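Visitor: Turn these sequences into a full structure, and let the hints guide you.
If you read the protein sequences in the order shown, they are chains A and F. Numbering follows numbering that gives the first Met the number 0, in which position 519 of the first sequence is assigned residue number 518; successive positions increment by one, without gaps. Numbering follows numbering that gives the first Met the number 0, in which position 88 of the second sequence is assigned residue number 87; successive positions increment by one, without gaps.
Errors might be hidden in some of the hints.
[Claimed, not checked] As a list, the in silico BS3-like pairs of lysine-lysine whose alpha-carbon atoms are at most 25 Å apart: (1) 431(A) with 421(A); (2) 56(F) with 41(A); (3) 76(A) with 37(F); (4) 56(F) with 32(A); (5) 75(F) with 76(A); (6) 75(F) with 32(A); (7) 76(A) with 11(F); (8) 11(F) with 41(A); (9) 423(A) with 474(A).
Everything labelled a hint here was simulated from the structure, so no lab data went into it. Note that the structure is predicted; figures quoted are calculated from it, not measured.
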Amino acid sequence: MKKTFTINISGTVFHIDDDAYERLNSYIFQVNKYFGNDADAKEIVEDIESRISELFQERIKDGSEVITIEQVEEIIKIMGMPEAFADSNDSETVNEGNYTKTRTSRPRGRKLYRDPDDRVLGGVCSGLGVYFNIDPVIIRLIFVALFFGGGSSLFIYAILWIVVPKASNTAQRLEMKGEEVNINNISKTIKEEIQDVKENYQNFRASKSYTRGRERFDDAGNAVTSVFRAILKIFVIIFGIILVSIGVFSIIALVTSIFVSSEFIGISPFNHELPNYINLFVSGDTLSWFWVGLALTIGIPLIMLAYFGTKLIFQFKSNNPAVGMSSLGLWVIGIIILICTTVRGISDYKSVATSTKQETIVTKSDTLYLNLGNDEFSDYLDSNIDFDGLRIASVNGKQFLLNEPRLNIEKSETNEFSIVVKSKARGHDYSKAQKNADEIRYKFTQQDSLLTFQPWYMLPDKSVWHKQEVSITLKVPENKTIYLNDKMIKIIHDIKNTSNMWDGDMVGKYWTMKSDELELTQRKQTPVSTPKKLKK
Amino acid sequence: MNLENTKAQMRKGILEYCILLNLSKKPSYASDIIAEMKIAQMIVVEGTLYPLLTRLKNDGYLGYRWEESLQGPPRKYYELTENGRLFLNELDLAWADLVDAINQLKNNNL
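Guide: Okay, structure coming up:
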């Protein structure tokens with residue numbers, strides 16, 4: 000059984016066997032090549048083709064349906080090889096009818112091939128030798144030397160073996176040597192080959208053992224070749240498995256960390272502090288989109304990694320552009336989502352608003368004792384997180400944002416003590432910022448002449464950090480005195496005083512408001528109401 | 000130089016003349032010429048003819064016309080041009096001279 004082609008030779012259709020077609024095709028190619036490219040040549044080739052067509056028709060009439068290789072060979076014999084066509088008047092360089100026609104030809108560059116005629120393993124060295132016009136032995140020595148000096152050459156050799164094609168036909172052998180591929184050279188090479196075969200045959204006759212040895216050597220070479228290829232394949236597969244594992248495990252880790260941290264905050268098996276707390280800083284909507292963007296930007300490359308690994312393992316060559324394009328598209332979308340959510344997140348801090356509450360402190364005493372309340376959250380604070388005073392407390396699996404207020408002391412316009420609590424917050428627009436500012440709750444308590452400040456202010460549940468700040472201003476009338484308890488050091492901030500004393504040095508002392516600033520006052524007794532420690 | 004080669008060279012030299020002679024009787028197409036040349040043992044491989052025909056045509060000694068054929072595609076019928084006839088006459092003379100010369104050489108040798 001043979002495959003047949005349908006061909007058209009100068010207007011007539013023929014069925015032709017696969018091998019016969021190959022033969023005929025190469026013959027017509029040779030004829031074409033011989034006559035060159037001008038108009039005359041075209042005419043000649045057309046004439047020859049029409050004659051071939053005619054000869055085929057005669058043979059079809061004889062009863063056979065399909066043109067066989069034998070018929071093609073017969074016709075080639077009738078028509079003759081192009082060299083025999085020599086029309087002595089056609090060429091300028093006539094030499095007693097001997098065909099020495101010189102055709103103008105484009106110089107052909109050499110191509111790198113593996114030389115199968117002179118090989119030890121894969122013919123890489125001999126091919127390189129032919130290419131660079133160096134004795135292959137020298138290249139082999141270089142490769143061996145490199146192998147013992149680091150082993151890099153083995154890798155290079157393997158790559159070249161795979162990448163560089165073998166010069167398997169005459170045309171490729173000529174290209175390897177950089178000779179022009181024309182009928183003359185091809186026939187010359189064929190003749191050389193025939194000569195070689197003859198010599199080999201003679202050698203074979205002369206010494207059977209030699210040939211046998213050579214064959215065995217070739218077999219050994221082939222065996223080594225296949226072993227190397229097998230090893231290489233194994234390496235490729237191992238590499239593929241590594242890629243797939245990295246890809247798959249990273250994807251699993253990514254997916255679980257995203258889901259676990261966003262769905263079950265606080266009971267995440269991964270102790271990722273930031274993802275847990277991120278809800279406190281970014282609003283839920285923005286956050287979900289952020290996760291989608293992040294998943295795409297990180298996940299797509301990981302999936303591609305796994306995909307590439309699978310390709311290596313199963314060695315299938317799929318160049319489906321849809322896979323690459325769609326993943327690239329998704330990846331770009333992921334990045335765009337990330338950028339958008341970031342921009343949106345930032346825009347949540349665009350506007351600023353403040354909310355101010357003023358309260359008058361009614362007391363008979365001339366001296367006000369300032370103290371800091373107990374920090375009920377001190378045991379619940381996450382010790383890892385402290386963004387410039389901003390802290391996170393976890394109570395029963397819920398996170399709260401805490402921050403320290405700042406206390407300043409100024410001169411009162413009236414004759415009474417008063418406290419101004421100013422909350423400041425940011426938001427997407429003014430009303431949102433105002434809402435965020437209003438939400439902040441800050442408490443202080445008054446017990447006769449003792450003022451106790453809460454050491455923190457807390458953001459209400461489910462609210463998000465919007466750079467909320469609380470600043471307290473205690474207004475002290477002229478000639479009235481305050482006492483700063485030691486603990487107050489945590490919240491006092493840059494209080495003006497005549498002694499130009501640092502905040503840290505101001506505590507544990509009495510201060511009296513003079514014309515504009517506080518003045519240090521010496522008193523012997525310390526207040527009775529030093530708070531007891533109420534540790535939880 | 001072997002015998003076959005020398006014979007081939009001799010034939011090649013007069014192939015042109017033979018083709019023109021053939022065409023001087025009647026216009027014919029390539030395959031007919033080939034058939035006649037083969038009978039006369041003037042050509043060995045058919046491919047030889049085509050470059051020659053093309054060259055003669057280009058030199059103005061031959062012309063051709065397409066003729067419908069009963070079987071297959073139209074055929075190229077070659078015929079001698081006026082120039083071709085003059086050329087052939089010259090060749091006739093040259094051939095006669097050649098034959099004379101050869102005969103003379105033969106006779107002198109005897």
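Visitor: If a hint holds in the structure, say so; if it does not, say that too.
Guide: Right, here's what the structure says about each hint:
1. 431(A) with 421(A): With a Cα-Cα distance of about 17 Å, the restraint between residue 431(A) and residue 421(A) holds, given a limit of 25 Å.
2. 56(F) with 41(A): holds, 14 Å
3. 76(A) with 37(F): Holds, because 14 Å separates the two Cα atoms, which is no more than 25 Å.
4. 56(F) with 32(A): holds, 22 Å
5. 75(F) with 76(A): With a Cα-Cα distance of about 23 Å, the restraint between residue 75(F) and residue 76(A) holds, given a limit of 25 Å.
6. 75(F) with 32(A): Cα-Cα ~24 Å, so holds.
7. 76(A) with 11(F): Satisfied, since the Cα-Cα distance of roughly 18 Å is no more than 25 Å.
8. 11(F) with 41(A): holds, 23 Å
9. 423(A) with 474(A): holds, 19 Å
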